[in-house]
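Participant: Listed below are the residues making up each chain.
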Amino acid sequence: MMSCEQSRSLLGPLMDQELADAQSDAVRDHLTQCDECRRDWESLNALDTQLKSALRLDGVEQAVAAIESSADHFVACPTAQPRKRSIWVVVALATAVCLLVTSLVARNRVPWAVDQGVVGQSAADIPIIATLVRATGAVQVQHPGSAAWESIDHFDATPLAKGSRLRTQPTVLCELQTSDKGKIRLNEAGEVVLHDTTEIELVKGQIWCLAPEDREIEIDFALRQKTTPIIASMACPSSSEFQCSVGDNVASCDSNSLRNPPAQMTVGTKGYAVQPGETVTIDVEQNVERNGVCDSTTKVWQLPLLAIGDPVDRELTDAMSELLAPIGKTKARHLNETQIRRLGPAGALPLLAYAATETSPDQLALRRTAVALARDLADQRSKQWLAKLAVDPDPFLSAQAVKTLERIAAER
Amino acid sequence: MASTSGKTSGTSPNRLDVQHWYRRIYAFCQARLMSDSDCEDAVQETFARAIKHFPELRTHDAVGGWLRRIAHNVCVDMIRRQQIRRTDPVDVQTIANDATSDLPADRDQREHLMRLIRALPQSQREIILLYYYESMTYDQIAAWLGIARSTVCDRLHRARQSLRAELTTTGGAS
Chain A
1 MMSCEQSRSL LGPLMDQELA DAQSDAVRDH LTQCDECRRD WESLNALDTQ
51 LKSALRLDGV EQAVAAIESS ADHFVACPTA QPRKRSIWVV VALATAVCLL
101 VTSLVARNRV PWAVDQGVVG QSAADIPIIA TLVRATGAVQ VQHPGSAAWE
151 SIDHFDATPL AKGSRLRTQP TVLCELQTSD KGKIRLNEAG EVVLHDTTEI
201 ELVKGQIWCL APEDREIEID FALRQKTTPI IASMACPSSS EFQCSVGDNV
251 ASCDSNSLRN PPAQMTVGTK GYAVQPGETV TIDVEQNVER NGVCDSTTKV
301 WQLPLLAIGD PVDRELTDAM SELLAPIGKT KARHLNETQI RRLGPAGALP
351 LLAYAATETS PDQLALRRTA VALARDLADQ RSKQWLAKLA VDPDPFLSAQ
401 AVKTLERIAA ER
Chain B
413 MASTSGKTSG TSPNRLDVQH WYRRIYAFCQ ARLMSDSDCE DAVQETFARA
463 IKHFPELRTH DAVGGWLRRI AHNVCVDMIR RQQIRRTDPV DVQTIANDAT
513 SDLPADRDQR EHLMRLIRAL PQSQREIILL YYYESMTYDQ IAAWLGIARS
563 TVCDRLHRAR QSLRAELTTT GGAS
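Residue numbers (my numbering), protein chains in the order written: chain A, 1 to 412; chain B, 413 to 586.
Among the hints, erroneous ones may be present.
[Claimed, not checked] Straight-line Cα separation of at most 20 Å, SDA-like style, residue types lysine to any residue; simulated pairs: (1) A:204 - B:563; (2) A:204 - A:147; (3) B:464 - A:69; (4) A:162 - B:485.
These are calculated hints, taken from the structure and not from any lab test. From a predicted model like this one, the values you see are computed outputs, not experimental measurements.
With the hints as constraints, model all of the structure from the sequences given.
Facilitator: Dropping the structure here:
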């Protein structure tokens with residue numbers, strides 16, 4: 001016997017005559033026995049009737065005729081130009097190929113080893129929808145039409161075409177900027193597909209996005225279970241920031257700011273409201289858990305990414321002020337400190353970058369807290385920031401930095 | 413399947429079959445542009461460019477994808493021009509909400525439904541338009557959009573769910 005949930009997800013395909021006979025019999029069978037589903041079926045049919053009558057495209061014949069008659073001009077008056085131009089096209093192409101081969105040889109790469117997908121489809125064919133702006137290590141990219149993964153080590157605004165697939169290793173975070181000015185950050189061991197500037201598929205891991213001012217971003221993901229995956233999506237309204245993560249049997253969406261408008265998460269056939277500042281977690285059985293606090297620790301994973309760039313991102317200063325302020329004063333101390341410590345040596349970088357670059361005198365206490373916290377975490381990677389702090393006018397900061405540098409040197 | 417990818421129909425060696433592609437290019441543009449007149453202009457411009465460059469195509473295997481790309485460029489140009497023209501940027505959501513707020517005065521059910529369709533996410537909007545304008549099957553839509561059949565099914569389902577919910581709350585359900 002088919003469940004109501006199964007039946008409802010098949011009502012559309014049944015109406016559209018897209019079901020196999022056996023399946024369609026099973027749904028029809030269910031409909032004879034279930035009043036609620038039958039009402040659903042009737043209302044779906046009513047909507048279909050409305051849509052059929054509303055979505056009629058009138059005047060197609062005339063429009064086509066108009067297009068074709070104006071096009072006849074081109075067909076009827078072929079000019080000699082294309083032939084001439086084609087010679088130039090051939091010359092230009094030949095030059096381009098020579099340049100490409102030269103550049104590849106110069107980089108010790110032979111042309112036939114280059115991924116077909118990248119060369120075969122010229123960049124002009126597929127629109128660029130995002131750029132990789134920063135990352136804490138090498139990011140792997142699969143370009144549209146290619147099955148090969150390319151490793152990107154340099155992040156100076158690497159362009160990403162529509163349809164690119166991106167993944168991060170277990171110690172790498174990365175940030176993308178979409179061509180609509182939206183921001184996307186991908187946590188460690190994550191994978192996304194960039195279907196469009198406003199449509200991102202989260203395959204695994206965790207993603208944070210800041211939607212642009214004038215459009216929403218849709219994050220699509222799937223809750224995987226034994227049989228078919230449950231398709232889900234989170235619609236992040238314009239100017240709002242949201243975070244989604246997908247695990248084996250569970251997914252969660254955070255509305256990261258109290259300034260966010262209420263949003264909607266759709267899982268299978270059901271919709272769930274996500275209120276500002278709320279975290280909604282859902283499993284394959286569609287059990288929902290809601291945590292109502294806007295918690296700054298949900299974004300701690302992004303800190304190592306914020307420490308990259310010159311000058312240091314203002315967002316890092318704001319995040320640090322928010323995270324460190326309660327330390328030593330309230331119970332939040334434990335929570336925030338534990339979260340930052342969990343980042344390991346990578347967590348020392350944002351702490352030290354903040355301490356070394358924040359100059360306002362009223363932030364001194366927080367800078368000291370940051371350096372004290374970084375003391376146990378820092379490794380080789382933090383030496384540059386520690387060297388800067390070692391000459392800080394504040395005696396506490398400089399002493400801590402020197403001690404930490406000594407510890408790192410001793411560990412080598 | 414073959415008819416949607418454009419491998420066997422919709423093209424002849426010398427001439428683009430506008431009639432064959434018209435509805436789906438219309439759906440493509442309408443899913444991206446707000447006003448019907450902009451959409452009509454975009455469709456016309458897409459075919460004008462396509463017909464002009466059609467003889468330069470060396471293979472006619474992927475005319476569908478090629479047309480989508482032209483339509484995409486035309487729509488982007490159009491949106492850019494509008495953004496320059498507009499002093500105060502208006503987003504899709506605002507237009508949709510404004511439209512529903514003056515509902516009591518608007519008795520035209522079709523108009524109302526069109527407004528709700530415009531308020532859907534673009535990906536869902538396009539599938540709804542393709543399905544009803546062109547009566548395409550799920551497989552044909554999937555081939556045209558280059559997505560999985562299950563995604564088509566899911567987006568169509570979600571679009572209908574949202575429309576039904578909106579029609580119920582705004583009293584437009586029949």
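Participant: Now, for every hint given, state plainly whether the structure supports it.
Facilitator: Hint-by-hint comparison with the structure:
A threshold of 20 Å between alpha carbons decides the hint, and for residue 204 (chain A) with residue 563 (chain B) the separation of about 18 Å falls inside it, so the pair holds. For the suggested pair residue 204 (chain A) and residue 147 (chain A), the alpha carbons sit about 18 Å apart, so the restraint of at most 20 Å is met. Straight-line distance between C-alpha atoms of residue 464 (chain B) and residue 69 (chain A) comes to about 13 Å, which keeps the hinted pair within the 20 Å bound. Simply put, residue 162 (chain A) and residue 485 (chain B) have alpha-carbon atoms about 13 Å apart, close enough for the 20 Å limit, and the pair holds.
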